[in-house]
Amino acid sequence: DAGVIQSPRHEVTEMGQEVTLRCKPISGHDYLFWYRQTMMRGLELLIYFNNNVPIDDSGMPEDRFSAKMPNASFSTLKIQPSEPRDSAVYFCASSFGGLAQHFGDGTRLSIL
Amino acid sequence: KQEVTQIPAALSVPEGENLVLNCSFTDSAIYNLQWFRQDPGKGLTSLLLIQSSQREQTSGRLNASLDKSSGRSTLYIAASQPGDSATYLCAGGYGNKLVFGAGTILRVKS
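Respectively, the protein sequence lines represent chains A and B.
Note that the working numbering has the first sequence beginning at 49, numbered continuously upward.
Note that the working numbering has the second sequence beginning at 123, numbered continuously upward.
Where hints are given, some of them may not hold.
Calculated cross-link-like contacts (lysine-lysine; reagent style PhoX-like; alpha-carbon spacing at most 25 angstroms) [to be verified]:
1. B:Lys164 with B:Lys123
2. B:Lys219 with A:Lys72
3. B:Lys164 with A:Lys72
Derived from the structure by calculation, the hints contain no laboratory data.
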């Protein structure tokens, strides 16, 4: 099993630029989660999908953040425009039936 | 508000010791409790998941317990090894949402 695949692994960009993070969940999993990890706030759930439908986006910090899941094998998290305080590690995770979540290796995002 | 707390924040032990990591949660209406391991620069690896109807789960040298009435879970690591050095996170499952603790940084000295 390939596991959850995220790209890019690292992203450095300037403030104001659009950032797109990508995730491929484990085949057959019906739940997909986006998290953000910072030293100050730890791991926070941003949004999750079930069968490609967004279920809970209450953790999305601002309208600058958006997430889509056009099909069962792909999801994106977009930040537009980006700000330095968005710098963090963003994780994608997937699960089957809402049980044990399996995480990708994350995208380390730095906004200058 | 659902909160998860982990104690201690950091722990250093000599190789071979048995150790216990603690996790407490404020909302006892928990669906499950999951323990993860995170290595530097890596994602989270799921170690054990305990359903709310269960008391404990075991995998190799790891044993996790869950006591909903007291709002606590423990992760027991037997015969620790240097390769066990990592950050250990517990997460309370509420529906499909996980609420994470801040983690315990474990260092096992050889």
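**Report entry** Violated hints - listed by number, lowest first
**Finding:** Hint 1 contradicted; others consistent.
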